[in-house]
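K.L.:
The lines below spell out each chain.
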Amino acid sequence: MEAVAIQLHQDIIDRCKSGDRQAYYKLYKLYSRSMYNVCYRIVRDEASAEDVLQESFINAFKNLDNYRGDSAFGAWLKRIVVNKSLTHLSKRKLERMPEDDRFDVMMEEQDDFEGFPLAVDTVKAAILKLPDGYRTVLSLYLLEGYDHEEIGQVLGISESTSKSQFSRSKKKLLEILKLEYKNEMP
Amino acid sequence: MSDSLKDFIDTNREGFDDKTPSAKVWSTIEPTLPKMKQVSLWNSVSVWRAAALALFCLSVYILVTRPNPNSTVLASQQKDFTDLESFYSSEIAEKVELISNFDSDDIDQFTQDFQKLDAMYQVLREELKIRPSGKVKDALVLNLLVRIDLLNQQLKKLEERKKPTKQSVSI
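Sequence order for the protein chains is A and B. Note that this note's numbering has the first sequence beginning at 1, numbered continuously upward. Note that this note's numbering has the second sequence beginning at 1001, numbered continuously upward.
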C-alpha cells in the first residue's frame, strides 16, 4: 500500500520536476491539509501555521530534486514542515522545555487514560493547552507517527529525554482533561 | 504496554486533521514555483534524448542504406550488360546461323574454338552473379566481341572459299 502510494505520487513529483504547474497544485492539494494541521499543532496559531506551511511548500518545491523517493514523499515533506514549525517556535523564544524536565528520568509507565472518557474535540483542545515542549513531543509521537529516536533527532535531545518528555506530557494532558471535565460537570 | 490515549488517537486520527489552510497559502506559493530552471533542465534532457535518437537513426540509416548505392550501381551495370548481351547474342546467333549454312571441314575447328569461348563465357557469367564487378563485365563483353570477330572471320573465310567455286562454275 505504502509502495503503491509512493509510486502514485512519484508520477506527480516527476511531472513537477518537468515544470508542470498543475502537478504542483495537485501535490499541494494532496498534502496541504495534513501538513497544515502538523504546523498548527506545533505553532498553535492559524496565521503562523499558514506562514510555516507556505514556507515549507516553497522550500520543498525548490528542493524537489533532493527527494530521491527512498522514503514516502509525505514523510519527507513532513520533516520539512516539522523543522520549519520548530524554527518558528524557537523564533518566538518561547520556553520549549520546563527546567525540571531536562533530566532524563524514565517515568514509571502506566496507562493513566484507561477508562477515561475521551472525545476528539476535548483531546484536541487539551493538546493545544499543553506547553510548547510537551505539545511538540506528544504531537510528534501520537499524531505524526515519529518514534522517540526521530523525535530526539528533530528536537536535538536524546531518545530517553524524548521518552520522559512524552510521559510528562501525557500526565499534563490528563490533568488538563480532568480539569475540563470538572468544569463541564460541576 | 497498552496506551489508551494512543489507541484512541489512532482510531480517530482523521478527526485530528480538521483544520484547512486558506486559499491565500497557495496564492503565495504559486508565483514562486520553480518553472524556468526545471523546464530548461527538462529541455536539455530532451535535447540530449533527441540527439541520441537522431544519432541512432543516422547509424541505422547508414548501416541499412550503405550497400544500397553499390547494389543500385550493380543493378544498373547488370541492366547495361543484359542489354549488351542480348544485342551481341542475337548477332552471334545470326552469324552462327549463316555459318551453319556452309558445309566446311573448318567448321569443326571453328566450333571447338567457339565452344571454348562459350564455356568461358558461362564461367564468367557465374562469376558475375557471385562477385559482380566491372572487370568481369568487361571480360564478358570482350568474350562476346571476340566471338563475333571469330564468327566474322569464319564467315569471311567461308565466303572467300565459296567465291572461286562460283567463278570456276561460271567459267
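Quick caveat, the hints were computed from the structure, so don't treat them as lab data. Source: prediction; values computed, not measured. Idealized CB from N, CA, C, for every residue including glycine. Misleading hints may appear alongside valid ones.
To be verified - Okay, the calculated beta carbon distance ranges per label pair: (1) A/G156 - B/L1053: 49 to 55 angstroms; (2) B/S1027 - A/T87: 42 to 48 angstroms; (3) B/R1049 - A/E159: 57 to 63 angstroms; (4) B/L1053 - A/L128: 56 to 62 angstroms; (5) B/N1012 - A/Q110: 19 to 25 angstroms; (6) A/S71 - B/A1054: 50 to 56 angstroms; (7) B/T1032 - A/E184: 41 to 47 angstroms; (8) B/T1032 - A/S71: 44 to 50 angstroms; (9) B/D1018 - A/D112: 24 to 30 angstroms; (10) B/K1024 - A/K62: 17 to 23 angstroms.
K.L.:
Please go over all the hints and tell whether each is borne out by the structure.
P.N.:
Comparing the hints with the structure gives:
{"no.": "1", "hint": "A/G156 - B/L1053: 49 to 55 angstroms", "result": "holds (51 angstroms)"}
{"no.": "2", "hint": "B/S1027 - A/T87: 42 to 48 angstroms", "result": "violated (23 angstroms)"}
{"no.": "3", "hint": "B/R1049 - A/E159: 57 to 63 angstroms", "result": "violated (48 angstroms)"}
{"no.": "4", "hint": "B/L1053 - A/L128: 56 to 62 angstroms", "result": "holds (58 angstroms)"}
{"no.": "5", "hint": "B/N1012 - A/Q110: 19 to 25 angstroms", "result": "holds (22 angstroms)"}
{"no.": "6", "hint": "A/S71 - B/A1054: 50 to 56 angstroms", "result": "violated (38 angstroms)"}
{"no.": "7", "hint": "B/T1032 - A/E184: 41 to 47 angstroms", "result": "holds (46 angstroms)"}
{"no.": "8", "hint": "B/T1032 - A/S71: 44 to 50 angstroms", "result": "violated (24 angstroms)"}
{"no.": "9", "hint": "B/D1018 - A/D112: 24 to 30 angstroms", "result": "holds (25 angstroms)"}
{"no.": "10", "hint": "B/K1024 - A/K62: 17 to 23 angstroms", "result": "holds (20 angstroms)"}
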